Amino acid sequence: MFVLIVMCRIADLLNPRYLSILPMARRSGSILSRLLANPPPSPFTAPTRSITYMPRPGDGAPRTVTLIPGDGIGPLVTGAVEQVMEAMHAPVHFERYEVRGNMRKVPEEVIESVKRNKVCLKGGLATPVGGGVSSLNMQLRKELDIFASLVNCINVPGLVTRHENVDIVVIRENTEGEYSGLEHEVVPGVVESLKVITKFCSERIARYAFEYAYLNNRKKVTAVHKANIMKLADGLFLESCREVAKNYPAITYNEIIVDNCCMQLVAKPEQFDVMVTPNLYGNLVANTAAGIAGGTGVMPGGNVGAEHAIFEQGASAGNVGNDKMVEQKKANPVALLLSSAMMLRHLRFPTFADRLETAVKQVIQEGKWRTKDLGGDCTTQEVVDAIEMASNSDARPLPKFGDWDVNDPATAEGFTVIFSKAGEDKKTGRSTSKTTSQRKQDAKPAVKKWLCFTFS
Amino acid sequence: MSRQSLSLLKNLGRITSRSGIQTRSVTYMPRPGDGKPRPVTLIPGDGIGPLVTNAVEQVMEAMHAPVYFEPFDVHGDMKSLPEGLLESIKKNKVCLKGGLKTPVGGGVSSLNVNLRKELDLFASLVNCFNLPGLASRHENVDIVVIRENTEGEYAGLEHEVVPGVVESLKVITKFCSERIAKYAFEYAYLNNRKKVTAVHKANIMKLADGLFLESCQEVAKKYPSIAYNEIIVDNCCMQLVARPEQFDVMVTPNLYGNLVANTAAGIAGGTGVMPGGNVGADYAVFEQGASAGNVGKDTTEEQKNANPVALLLSSAMMLRHLQFPSFADRLETSVKRVIAEGKCRTEDLGGNSTTQEVVDAVIANLD
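Top line first, the protein sequences correspond to chains A and F. Take the first sequence: its letter number 272 is residue 272 in the numbering used here, and every next letter is one higher. Take the second sequence: its letter number 23 is residue 479 in the numbering used here, and every next letter is one higher.
Pulled out of the complex, with its shape left as it was, chain F reads as follows (with noise of 0.2 angstroms):
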């Protein structure tokens, strides 16, 4: 009897699925070749980075990923990228990374950034949605932050006029916030998302929110069935703590971006949970999708106690971005599940597991 009911449960799991992941019948058929691993650039980074990024190593080859990584030591206190860097990148088309600590205070500009204008990854997307099984205030949640990557507040382009004054400039272009108004519609299109809101502070900064907003309502006009509402950036943070449910995806540009994108993510689980990416039209490089601006702090690099859930469901998304969704499905599905079970949990989710215990967790439940 046993041995029927196993087999008939193995039938029902095979319908419903568990963790409620459906599992696809009608394969992926490759093109002959795509089976050839893959090389992505690592950049393990400061902090808890290169903490994350074995853990992602680690899983990797526990699930025999098409993928192998091309390490570069990048340390966020450097004057620059260094050299063979970008040339790699732009060779493998795609980067896998951990934090860069940005020191504050003036002479070095953040290579975050440099990295980002230097290879016109001009969309930065944060996924923040309630992950199963992991309890907040907040239900209902999944929103997609699409955030300008390029312009806006971070140009970069500060100066004291005189001593004492000092002068940062916002620069909004056209032809930026046409494409990341492009972007977020064709992903809301190709994603079927319904809702494209705006975020903005033009009854402000007239001209330059002006801008952003005119290049969303000539986008918006293209997409008919995509529904497109514009909010100013104050409100929406109100909202975003209020009622988290009425958003679905959002535009912003860079500085707005952050902060709802910080927001959003804390609100459904933590930054230590939520994948992103930033994509531009030839190259991608994925991180944590909300890291909050650090990398950790020092008694969490010590005690190797740092989340790898986030950097694990980004290389989630990486690998999707390769066209590997069969590996993409079971690492999520792994994830989701060692989350739903709630017993390996590392610090931030409320638990006391070390990164490496989470770790060993995710490649158990491999299948």
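Isolated chain A, as found in the complex (with noise of 0.2 angstroms):
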């Protein structure tokens, strides 16, 4: 009898093909019984936490963030971004940088943003197959030194898989391995390709994933390797992974051969929980990964270094879209949302990150608006469309800012082009989705007071 009360009161929220518990036993109950003593608020509502985050004065100050379109469909997905990111009204505003994926280098001033910015945000860069153009994506790694890459490969809840408890964080070094770049044609018809692994390297990104694994509360640390063969190069990284091991001795570690981890991937991917890899192994087993809880169109991601962070989609398979997939505008934007959602996080405004994670996961889980790689047949636009609603009884107009910060001259910058914006707002009644370079040209020229003042 006690079944069947459990039935009735959580029909609503199981899944049909969960109601094949009958019978259950008494350590399951015991479950329930505290599920059901605090029946759980619907899921999709904001959550509030109640222990708020005390700001520091000056927090609320408006960030300056560099954005990267990049080829393909990226221009579509950071539009996307940009566009959700206004209908929250959060604190941040773009700084757009053309790049493309042929050019030969990064250009000066894009690192210079980042630099000045600490943060990026980035549709994809296509690199041209073939000799000559070095990838753009890995310079700009490079250069900022940015050694983490993340992804965190999860079943988003109503999207259906055939895998599930996936949680997976793949955390991969980014700076050397099979891609530091150095080839070269020893005779004509062989090529030799440099694999460098150093200890400095391998040192800071094993220290680094237990970091994150202690600092999110992850339980277990798997080292993906292929020693067995390479037995000098992967058998330095696992040294450097099991010295940083010791340190935590409250998280697991072990280490899975890399062929053998691929497989298990695909067979029990329950097994797993933080996963650090070197550069080539990372690259296949994040995509795999990603693509077994969902697909690369709803992973999140990012790039981090001491100083600098590159949030972009988290596992794209190394391209950027069909020709098919730009021309109809059908590119699913999920993945950049949720990376723009912890790029938010890294900023420090987790309000505006968990409203927007609560907007995207309920738009999947409703089902109506997925994109084609999701079975679905809605464009990007109608995704956003639906996201900005689901987050629209928080939308508010745009709030003025006063000087908050007077340390920080670039945020007076900022305040010109939110208060034009705001001011057209009142004009036009509606707000208006211009990139931020049209509207610095639509902007009065601003006059930087360190005063309060306000636009009427």
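Among the clues, some could well be false.
With a straight-line cut-off of 25 angstroms between C-alpha atoms, the simulated DMTMM-like cross-links for lysine to aspartate or glutamate are [to be verified]: (1) LYS492/F with GLU203/A; (2) LYS547/F with GLU307/A; (3) LYS535/F with GLU607/F; (4) LYS492/F with GLU526/F; (5) LYS799/F with ASP823/F; (6) LYS678/F with GLU382/A; (7) LYS651/F with GLU595/F; (8) LYS220/A with ASP490/F; (9) LYS630/F with ASP59/A; (10) LYS549/F with ASP490/F; (11) LYS651/F with GLU243/A; (12) LYS573/F with ASP490/F; (13) LYS678/F with ASP59/A; (14) LYS142/A with ASP490/F; (15) LYS651/F with GLU388/A; (16) LYS246/A with ASP823/F; (17) LYS115/A with GLU98/A; (18) LYS492/F with GLU243/A; (19) LYS492/F with GLU98/A.
It is worth saying that the hints were derived from the structure and are not from the lab. Bear in mind the structure is a predicted one, so any value in this text is a computation, not a measurement.
Two chains, two separate frames, one set of hints: put the complex together.
Structure below.
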């Protein structure tokens, strides 16, 4: 009879296929009784944390973020992020820079902008196949020494996949390994490619992986390697991981050879938690894990170094979408939106990050607005509109900021942009979605004062 | 069947989460080096202070939080703050504090107020809300009282004009009013709050509280999305006990803030469970949100019955301030679970457990 009561009360929460739980063991009964004692709220309400984030005075000052739209579907999905950020009135504004995958190198001004803003949001850059042009993605990561790449592959509720219980974070070394780019033709017809593994880089990526696991309450770190074949190179990587593991006795550490790892990923993915890998294996493992958990269109990720961070689609499988997707504008913006939620959390705006995530998850769970890779047929814009509506209960006109941070001239620059947009909103009565550069052109010449003033 | 149902139930638990707390799947991506342990100055204080700060230390150890404490011995009847204390706080930037008992009557100025003035901790924040599982006479309470901490009636400027006649100065400056108003609106913006209410007595103290109100009104213009209104403090106290759900964020000068915070804490479950902190541009000191000015009765101290929940939740705020959100969430979830279960409660919440039993329950509930 206890079982019957349970069914009635949580039938609305349970997926129909969970109804095959009968009969239940006593252990699961106790878990259920705990669940039912405090009936959980609907998963769609924005989480209100009653112990709030007590900001430092001045934390609300808007932050500038470098934006690189990129190639292919890049401009489409970064446009989606810009729209949603505006709709949420997040204290972020973007500095756009045009970079194409077939440029010789990343323009100086882009690098300077990222060094100044410390945070960058990026669509994909298509690296041409074949000789001559080195990958601009790699160049950006090396110049800014962004040594850790992180992809969070997780089953999104509502999205049905063949694998359940996937929650894997792949932390991948981003600067050396097989991607050193050191190749030469020994004799015509013979090419050597160097894979460089250093103790310095291996140690810092291992340290980052364990620190990440510690700070995010993860229980296990798995090192992925091929040290039975590349005994010295991957052996050095493994040594560094083992040394760091000694400092974290609470976190379980184990090692797995990369081919076995790929097989285990598709057989029993729930055994993996955090995985730390060198460069190439990380690429493959991340894309595999993304694929089993719902596709590269929904996995968030980022790249971080000691000083800078670049957020982009978690695992892009090396491409920026085919031409048809770009034409029909059917790219999936979810991955970049969740990455921008990670960016908001990195910039220390946790409330905005939570609102964005909740809205995105709500849209995916409802299942009405899905792009082609998730089995639906919507365009990017329709998904973005759905997400904006989902976060709309909190949408309000843009606040006007005062001169909170007098020590940082960059914030005054941002205020000019925001003020003139607020003025436009008032005139037209609805928010326009112009790009930042367009808005700057339209803005009245700014008088940089340090006093508070309001536009009427 | 049990293994299958167990895994299915775990999945269900992850989506809906126990105790109604959402588990964030898009994680906080730390900067390299963020996991380095942070030193925090610890002031056990008087009365129940050492008991509850010890509770926090135990729980932090059990969680293996990347925080370690530098304790300083300070008592309320000292003439001034000890030497190393201010340097330590200036170095660590964050302090956790039990209560300091200020002696009644002349001579010794309050060390609590001294600390706040020296470090310019101009905003004091108390979050008064109904804890699930804790029955109180008022429902739907979720009030944050932001109180100006450095001036107002607590300026400490008193003098005896003639024998038998004493004047006490209440000082209100535009500078301080403006910054507390700015902080209150910024807090509301960053924490998705809808309304800010200014509490005042400007019908009587036209110039002093009038200046405070002017500053609030100016700042309110910059946040058109946040509703702003004003309420006279006596009406406010009555509304608090009649219909507390109408209040969201309240910004007040020093004295009214003290009273409003303690009233709001009382209606929502008592001062034993409300978290709070004091923040300035550079430093932050976390302590029990609203302590009603006392540090516990002697019997509470003897029987070790003090309620550690308020200081535990304040230390969760401190962990979030130090940018360790995962640890903060774990601590909060555990504390809320213990309160919701209702088995381990101290005397002020209607039970008869000791502090140590509550701490053990919190540690047992950490996941």
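Structure-based check of all given hints:
Between LYS492/F and GLU203/A the alpha-carbon distance is near 16 angstroms, which keeps this suggested pair within the 25 angstroms criterion. Between the alpha carbons of LYS547/F and GLU307/A the distance comes to roughly 22 angstroms, so the proposed pair stays at or under 25 angstroms and holds. Note on LYS535/F and GLU607/F: the hinted pairing holds, with a Cα-Cα distance of about 21 angstroms set against a maximum of 25 angstroms. Between LYS492/F and GLU526/F the CA atoms are separated by roughly 16 angstroms; this keeps the pair inside 25 angstroms, and the hint holds.
Only pairs whose Cα atoms come within 25 angstroms are accepted, and LYS799/F paired with ASP823/F is accepted, the gap being roughly 19 angstroms. Using a Cα cut-off of 25 angstroms, the hinted pair LYS678/F and GLU382/A is violated, with the two alpha carbons roughly 32 angstroms apart. A C-alpha spacing of about 18 angstroms is found between LYS651/F and GLU595/F, which places the hinted pair at or below 25 angstroms, so the restraint holds. Distance restraint check for LYS220/A and ASP490/F: the Cα-Cα separation of roughly 19 angstroms lies within the 25 angstroms cut-off, and the hinted pair is therefore satisfied.
Between LYS630/F and ASP59/A the CA atoms are separated by roughly 22 angstroms; this keeps the pair inside 25 angstroms, and the hint holds. A threshold of 25 angstroms between alpha carbons decides the hint, and for LYS549/F with ASP490/F the separation of about 16 angstroms falls inside it, so the pair holds. Distance hint between LYS651/F and GLU243/A is unfulfilled; the C-alpha atoms sit about 52 angstroms from each other, more than 25 angstroms. Distance hint between LYS573/F and ASP490/F is unfulfilled; the C-alpha atoms sit about 30 angstroms from each other, more than 25 angstroms.
This hinted pair checks out: LYS678/F and ASP59/A have alpha carbons roughly 16 angstroms apart, not beyond 25 angstroms. About 21 angstroms separates the Cα atoms of LYS142/A and ASP490/F, which keeps this hinted pair within 25 angstroms; it holds. For the suggested pair LYS651/F and GLU388/A, the alpha carbons sit about 23 angstroms apart, so the restraint of at most 25 angstroms is met. Distance check on the hinted pair: LYS246/A and ASP823/F sit about 22 angstroms apart at the alpha-carbon level, within 25 angstroms; holds.
Proximity of LYS115/A to GLU98/A is assessed by CA-CA distance (about 17 angstroms); at most 25 angstroms being required, the pair is judged to hold. Between the alpha carbons of LYS492/F and GLU243/A the distance comes to roughly 17 angstroms, so the proposed pair stays at or under 25 angstroms and holds. Under the criterion of a C-alpha separation no larger than 25 angstroms, the hint pairing LYS492/F with GLU98/A is inconsistent with the structure, at around 37 angstroms.
Checked against the numbered hints above, the structure violates hints 6, 11, 12, 19; every other hint is satisfied.
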